[in-house]
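Visitor: Now for the letters of each chain:
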Amino acid sequence: MKKRQRTGSRKAQVKIPFPMVLANFLVFIAVFGLSYVWLCSRCDTLGQEIKRMETVQRDTHRRMINEQDRWSNLLAPANLDRALKRHDLTMRLPDEQKIVRVRTGTTASVVALASSK
Amino acid sequence: MKYKGRTILTSAVLAAVFIGLGVRLAFLHLRPSPGTLERIESGRHLQQETRGPRGRVLDRNGNMLAVDIAAKHICVDPKFILANGNITNVCNALSGKLGMNRSEVWNLLNQPDRRYIRIQKFTREEMAEPLRAMNLKGVIFEDVPIRDYPKGVLGAHVIGYANYEGVGSAGVEQRMNTSLQGVAGLRISQKDGRRHEIYSRRTVDIDPQSGADVYLTIDQQIQHFAEKALDNLCEKFAPNAAWAIVQNVRTGEILAMASLPTYNPNRFSTAPPEWMRNRAVNYTYEPGSTFKAMIVASALDSGAVRASDIFDCENGSWFYAGKILHDSHPEGLLSVADIIQKSSNIGAAKVALKLGEQKVYQSMRAFGFGDRTGIALPGEDAGIVWKTDRWSKLSISRIAMGHEVLVTSLQMLNAISAIANDGVRMRPQIIRKVVNSDGEIISEPQPEVLSRPIRAETAKEMRRLLERVTQPGGTATKAALAGYRVGGKTGTAQKVNLVEGGYYSSKFVSSFVGFLPVDNPAISIIVVADEPKQSGHYGGTVCAPYFKEIADQTVRYLRIPPEGFLTEYVKDIETGGSGEENGFD
Chain A
1 MKKRQRTGSR KAQVKIPFPM VLANFLVFIA VFGLSYVWLC SRCDTLGQEI
51 KRMETVQRDT HRRMINEQDR WSNLLAPANL DRALKRHDLT MRLPDEQKIV
101 RVRTGTTASV VALASSK
Chain B
1 MKYKGRTILT SAVLAAVFIG LGVRLAFLHL RPSPGTLERI ESGRHLQQET
51 RGPRGRVLDR NGNMLAVDIA AKHICVDPKF ILANGNITNV CNALSGKLGM
101 NRSEVWNLLN QPDRRYIRIQ KFTREEMAEP LRAMNLKGVI FEDVPIRDYP
151 KGVLGAHVIG YANYEGVGSA GVEQRMNTSL QGVAGLRISQ KDGRRHEIYS
201 RRTVDIDPQS GADVYLTIDQ QIQHFAEKAL DNLCEKFAPN AAWAIVQNVR
251 TGEILAMASL PTYNPNRFST APPEWMRNRA VNYTYEPGST FKAMIVASAL
301 DSGAVRASDI FDCENGSWFY AGKILHDSHP EGLLSVADII QKSSNIGAAK
351 VALKLGEQKV YQSMRAFGFG DRTGIALPGE DAGIVWKTDR WSKLSISRIA
401 MGHEVLVTSL QMLNAISAIA NDGVRMRPQI IRKVVNSDGE IISEPQPEVL
451 SRPIRAETAK EMRRLLERVT QPGGTATKAA LAGYRVGGKT GTAQKVNLVE
501 GGYYSSKFVS SFVGFLPVDN PAISIIVVAD EPKQSGHYGG TVCAPYFKEI
551 ADQTVRYLRI PPEGFLTEYV KDIETGGSGE ENGFD
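So the sequence lines, in the order shown, correspond to chains A and B.
Note that the first sequence covers residues 1 to 117 in my numbering.
Note that the second sequence covers residues 1 to 585 in my numbering.
These aren't lab readings, by the way, just hints derived from the structure by calculation.
A hint or two may mislead.
Beta-carbon label-pair distances, calculated as ranges [as the list claims (entries may be wrong)]:
#, chain 1, residue 1, chain 2, residue 2, range
1, A, 68, B, 136, 23 to 31 Å
2, B, 232, A, 73, 20 to 28 Å
3, A, 53, B, 115, 27 to 35 Å
4, A, 90, B, 319, 53 to 61 Å
5, B, 23, A, 38, 32 to 40 Å
6, A, 73, B, 203, 58 to 66 Å
7, B, 315, A, 90, 46 to 54 Å
8, A, 52, B, 4, 39 to 47 Å
9, A, 33, B, 112, 49 to 57 Å
10, B, 190, A, 68, 31 to 39 Å
11, B, 372, A, 53, 46 to 54 Å
Footprint (simulated), chain B over chain A, 3 or more residues, beta carbon under 8 Å [claimed, not checked]:
#, stretch
12, 29–39
13, 73–80
Backbone N, C-alpha and C define an ideal beta-carbon position, used for all residues, glycine too.
Model the full assembly from the supplied sequences, consistent with the hints where possible.
Guide: Structural data, given as structure tokens:
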């Protein structure tokens, strides 16, 4: 009985020799590898996102320029004239007698002169 | 086992294949030959050069006159389309959306050996977009910039155009090409098996830089006034060509420069070269009577004559140096002031004789005739002013009336501007500023004095004399403008007959050059018509009314007040009267 007990305890004491250093190393390598893979994939995702946004920015800029160009065309004096004519609107400058002119720089002196009277 | 032999054989073959592939893979990865390495690298290498967009051309207020916009080359892959049996569909779409002939498109598509054909170049986005939305297989859209001129013909001769390679080929586009053209960008990277860029392998990434924006001194509204007036002139008098310039007399800035016939720079390839000619700077002509203003100004300045001096105008016919000189309207005794007002050839010739050959020559040069003004436009002509040693005895009498010299209308305008600007001749400017893509001003030309041909007092006296030209009794009453005092001079020069010699009796260059307001001139304008064919040919008839048309709109647009309006108002307040009497309600 005693003998049996001794044998059993000896068996229980037998351990597979696995160096902790190696285990740590393997864990480290695995973590490092996984991090590397994760970072790589993150970089790729970001790269794709940047590429997509570059394209969007280019397209938006292109559209903006094209719209500016179209707007500028609409504002061409000849086109404005044509648009007025299309709507049967006639615009002409007022007669000289119908213009009120106020010169900012000299208004004060005119007012001062008037009030001194 | 029943299939043991076959199994072994298959396994052996598979093993051999995999071993072969493995060996090849090992060789490729471990010790690739330099040739292989180069082939792999070149297959993955991606180098893109992106053209920087050309800078914009804008008017003085920032209105866009020229800009690079995005367009498309529409291309097809006929082999792919035919292989997919899609030719009818593609043909219908292309011919329908692009407005092309169906059979022409069919012939282009029906080429099974071709992989790439450009169906239409430089297609605008608004035309290409519906086609792209159809998502047709085998139709390719290539991005390409195109130079667009949103105002069409407005200022075409000043702006010029850039060709399909993006190189300025006329006008400011040509002259300022170095500033306008962008700097190309560069991207070096690698691509994957699907030919997509691998962003993380991008090693060089230099963004393209757009060219600098060029702001002109032109004002689109004044330009439009000038072009509209020329349209009206051409409609009434049917000349070969007509042109006009508006200048700020104080700074020399050109506010408008129009020339007819004109062209649309968006379709420059279809315009005849003659239409593209900017006659304001590269057409030389004998100026005729407008030249008298400079001769008389110089004579007054040198003290050779006074405005009140009387000259005998020989009743319109004077024999000098073996030839008879005529006046179109016979006059007897005229003062110098009247010689200008009536535009007497004989009177002007006698004034020039009093001034003397050397001084006439010197004054012409001092007013800038015979030299380019240096405006930033290509092809400016210097005109011709012969040295006195090449003059005949007759020359001085003919030069006084604007013959035997060739000038450009810009020179003539600049000379009259010198009189308007107290005798100071400024360099005509067309470029206001150049601004780079970061918004920094890289060049901003300042007003530059070219010469002082006459004293300020003489200039003032000349303005008074030139004002009489537009008053009753003068040759250009049609240039008079209500509310403003206008000074100027008409010119009606017979054209030189280059074939037979002498002058044509019925071909004229009519012109009017003037400025306003006389007391404090702000703008000067020249209007010239080459060979008016109907309704008259005198400068006072053909050009003066259109000078008035341009001036009338320009003074109001620029808010140039009529002369003396404030003085009147102040006087009114001083006398206790009401402003309403003077129209200031």
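Visitor: Hint by hint, say whether it matches the structure.
Guide: Structure-based check of all given hints:
Restraint check, residue 68/A to residue 136/B: a C-beta distance of roughly 30 Å satisfies the suggested window 23 to 31 Å. Between residue 232/B and residue 73/A the Cβ separation comes to about 24 Å, which falls inside the hinted range of 20 to 28 Å. A C-beta distance of roughly 32 Å is found between residue 53/A and residue 115/B, which places it inside the suggested range of 27 to 35 Å. At roughly 56 Å, the beta-carbon separation of residue 90/A and residue 319/B lies within the given 53 to 61 Å, and the hint holds.
About 34 Å separates the C-beta atoms of residue 23/B and residue 38/A, a value consistent with the hinted range of 32 to 40 Å. Checked against the hint of 58 to 66 Å, the C-beta distance between residue 73/A and residue 203/B comes to roughly 42 Å, which is inconsistent with it. Taken as a hint, the range 46 to 54 Å holds for the pair residue 315/B and residue 90/A, whose Cβ atoms sit roughly 50 Å apart. For the pair residue 52/A and residue 4/B, the supplied restraint of 39 to 47 Å is violated, since their beta-carbon distance comes to about 57 Å.
Between residue 33/A and residue 112/B the beta carbons are some 52 Å apart, a value that agrees with the proposed interval 49 to 57 Å. In this structure the supplied range 31 to 39 Å holds for residue 190/B paired with residue 68/A, their Cβ-Cβ distance being about 36 Å. A C-beta distance of roughly 51 Å is found between residue 372/B and residue 53/A, which places it inside the suggested range of 46 to 54 Å. For the stretch 29–39 of chain A, the stated coverage by chain B is not satisfied: 0 residues place a CB nearer than 8 Å to a CB of that chain, which falls below the threshold of 3.
Proximity of the stretch 73–80 of chain A to chain B, defined as three or more residues with a beta carbon under 8 Å from a beta carbon of that chain, is established by the 5 residues found.
The structure does not agree with the numbered hints 6, 8 and 12 stated previously, though it agrees with the rest.
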